[in-house]
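J.: Chain by chain, the residues run as shown.
Protein chains: 2
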Amino acid sequence: MITVKKEVLMDYGCRVFEAAGVSGDEAAWVTDCLVRANMKGVDSHGIQQVPGYVRGVQAGRTKPGAKMEILKETPAVTIVDGFGGFGYSIARQAMQLTIKKAKKLGIAFTGIHRLGHIGRVGRWPEMALEQDMIGIASQPGGVFVAPWGGIERKLPINPISVAIPTGQGSPFVMDFSLGPIAGGRLSILVERGMKVPPGWLIDDEGNPTDDPSYGARKGAQLPLGQAGLGYKGYALSMFLSVLTGPLIAAYNLERHRPVGVFLGVLDIAAFTPIDEFKKSMDDMVADIKSSKLAKGFKEILIPGEPEYNTEQRRIKSGIPLDDAIWKRLMDTAEKVGVDTSMYEVEKGGVVLHPSYTLKDRY
Amino acid sequence: MITVKKEVLMDYGCRVFEAAGVSGDEAAWVTDCLVRANMKGVDSHGIQQVPGYVRGVQAGRTKPGAKMEILKETPAVTIVDGFGGFGYSIARQAMQLTIKKAKKLGIAFTGIHRLGHIGRVGRWPEMALEQDMIGIASQPGGVFVAPWGGIERKLPINPISVAIPTGQGSPFVMDFSLGPIAGGRLSILVERGMKVPPGWLIDDEGNPTDDPSYGARKGAQLPLGQAGLGYKGYALSMFLSVLTGPLIAAYNLERHRPVGVFLGVLDIAAFTPIDEFKKSMDDMVADIKSSKLAKGFKEILIPGEPEYNTEQRRIKSGIPLDDAIWKRLMDTAEKVGVDTSMYEVEKGGVVLHPSYTLKDRY
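Line by line, the protein sequences are chains A and B. Counting with the working numbering, you get residues 131 to 492 for the letters of the first sequence. Counting with the working numbering, you get residues 131 to 492 for the letters of the second sequence.
None of these hints come from the bench; they were simulated from the model. Just so it is clear, CB atoms sit at the ideal spot from N, CA and C, and this is done for glycine as well. Fair warning: there could be bad hints in the mix.
Which chain B residues face chain A? A few, computed with CB under 7 Å, are given here [stated by the list, open to error]:
| no. | residue |
| --- | --- |
| 1 | G190 |
| 2 | A365 |
| 3 | F369 |
Computed cross-link-like contacts, DMTMM-like style, restricted to lysine to aspartate or glutamate with a CA-CA straight-line distance of at most 20 Å [unchecked claim]:
| no. | chain 1 | residue 1 | chain 2 | residue 2 |
| --- | --- | --- | --- | --- |
| 4 | B | K419 | A | E384 |
| 5 | A | K425 | B | D334 |
| 6 | A | K234 | B | E203 |
| 7 | A | K419 | B | E203 |
| 8 | A | K425 | B | E335 |
| 9 | B | K425 | A | D334 |
| 10 | A | K230 | B | E203 |
| 11 | B | K419 | A | D262 |
| 12 | A | K409 | B | E335 |
| 13 | B | K202 | A | D262 |
| 14 | B | K422 | A | E335 |
| 15 | A | K419 | B | D334 |
| 16 | A | K428 | B | E335 |
| 17 | A | K202 | B | D262 |
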């Protein structure tokens, strides 16, 4: 395990993407999204994605510089096609437009068809957060969840993120699947020989199981809700599937599933003076945090606060990376002709050789 | 137990409210909301509310004919005050305005401050449904739910309803609290000596309990989510609390809680041709219903379908009412001077005396 400062990873990503033919601005944006995921502890969606993305560009699957195409719009609603571009760039363009529209009217929703990988879903609502707005994003994810009363995988796990500003401390950033567990995390549990808690998964006959080899390719995940309450998670899941599917004309009739991305922005100032809003938010957060603790908890955190705390720590300590991942990153750099001698591993940390300077992107 | 046809209950409500000084239109609307709740099997929010509402009017607490006051607006956002009026009438006015705005722009959100009782939350999204639009409504409800990691009641149970049109059969109408169980249902379980399922409630020390005397006035309810997943229900609950509180300037700083009503309308046609939308919805519903069944289930239903089926049955069979409730309704009628001899109980059903004709409101 080594640690790398975020500035060094930003420098790395920018150089590698640019060498692969991506423009400076787009290279910086995609890298920023990845490094931000690492900073928040969501390493699966972080810098380790670079080699795959570079292969995508080289194979022509991902077209740098692609612009979204507007298919339909009102002053508050937009339907766009993002075919062929970096998902990160298309989602940025779509969210920028949604924010612009919400600034005029108070709310705006956007649906995106045909989009490349957009990484950590929380990134998109955070764009609204930076403007003192509420941001919402959802995409379907894998079809892993059984309906209430059924035992087959029929509903997507529906990753959803909502970001809400606060006055002090961590903002509210919820970012999770409505279904129990992401497919990637199931694979990790299988690799490590671990089990899942009761009530998450069923096998092909509908019997409860704690075996993480079920829930993605066989068996199914159960909808959100404790004993007898799964009908609530089931309904919420269908609602999100409507937003990312039929509503935005992004429902695939052959595969019986939604395939789009849904973005929403609420401009708080159109509803309530922002200072009053933040005062109320801070009071709500303080009141929730004042609750007596459950056994095994040291503190009550608001959604997004664990990631916020990780980010504060990693600003100081850097981002931990497996040696194998670092090696893969260096291999990719060499393949696109970036001189890797500028990055030196020293005492478990990556430092920049004194004869190089960082690209100033962060 | 007796049964009453909906037309007779409509007639009853209209006559009684009008005799109490409510205009014909408002009397018909409030009665319609109540009888519709009965028709869908939500009898707690049905005709049995009439005596209380009449007392409210007579005591001057509820002012018939009140109009909502607009406090702030954009073409898509409205904040209104509903002080003093029938909640049903204020919510109707607010939803009508929200629908009108959504027809122009595709989406509209409205926040309501200070509102009387609005009964079954599902009624408001159904107004959008009638116009081939998606409707959303949420209000806070009792503060019964513990945060993730805490054991005190800090979050409201957040009743939320979303109504979405389909092409065939029952529309999608979800209508439930995000928290495990409404306060009224807890009281009924206590009266009947029944228990609640595991994972719903904790006592004052945070220990699990199946005793329904906890969860409203002592102990707490746990947020939505099976083992280890309550952080998801907790986050969703906070999000809804922001919509019904800080966002719409309806957060009470003394009581640390949201106190408003949030309404939303999405005009499907602004996103997608309505026929295409309904075709996708019907496919999604058919695919979900095609799942192999879990043990103990005869059929997979979509949210709102149980209530839809009850309504189809009650159109034929009438609405069952306790004798005691019928007696209370007749007492109230007599107090406001409505001649109750027109309603006759015969063979367990209420019929109208041949010398009277129904008020034509339904």
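J.: Measure nothing beyond the straight line between the CA atoms of A:K419 and B:D334; if it is 20 Å or shorter, mark the hint as holding.
T.: 17 Å, holds
J.: Is A:K409 close enough to B:E335, meaning Cα to Cα at most 20 Å?
T.: Violated, at roughly 31 Å.
J.: Using Cβ atoms only, decide whether B:G190 comes closer than 7 Å to chain A, and label the hint accordingly.
T.: Hint on B:G190: violated, closest Cβ of chain A at ~31 Å, above 7 Å.
J.: Is the straight-line distance between the alpha-carbon of A:K234 and that of B:E203 20 Å or less?
T.: 12 Å, holds
J.: Would the pair B:K419 and A:E384 pass a check requiring their Cα atoms to be no farther apart than 20 Å?
T.: Given pair B:K419, A:E384 holds - Cα atoms ~16 Å apart, limit 20 Å.
J.: For the pair supplied as a hint, A:K419 and B:E203, confirm whether the alpha-carbon distance does not exceed 20 Å.
T.: Since the Cα atoms of A:K419 and B:E203 sit roughly 33 Å apart, the hinted pair is violated (cutoff 20 Å).
J.: Take the C-alpha atoms of B:K202 and A:D262, compute the straight-line distance between them, and say whether it is at most 20 Å.
T.: 19 Å, holds
J.: Decide if the proposed pair is consistent with the structure: A:K428 and B:E335, CA atoms, cutoff 20 Å inclusive.
T.: Answer holds: A:K428 to B:E335 is near 16 Å, not above 20 Å.
J.: Are B:K422 and A:E335 close enough, with their CA atoms no more than 20 Å apart?
T.: 9 Å, holds
J.: Starting from A:K230, check that the Cα of B:E203 is at most 20 Å away, please.
T.: The given pair, whose Cα atoms are some 18 Å apart, holds under the 20 Å limit.
J.: Do the alpha carbons of A:K425 and B:E335 lie within 20 Å of each other, as the hint requires?
T.: 9 Å, holds
J.: Quick one, are B:K425 and A:D334 close enough, alpha carbons at most 20 Å?
T.: Roughly 13 Å separates the two Cα atoms, so the pair holds.
Of the hints listed earlier, those the structure fails to meet are numbers 1, 7, 11, 12, in rising order.
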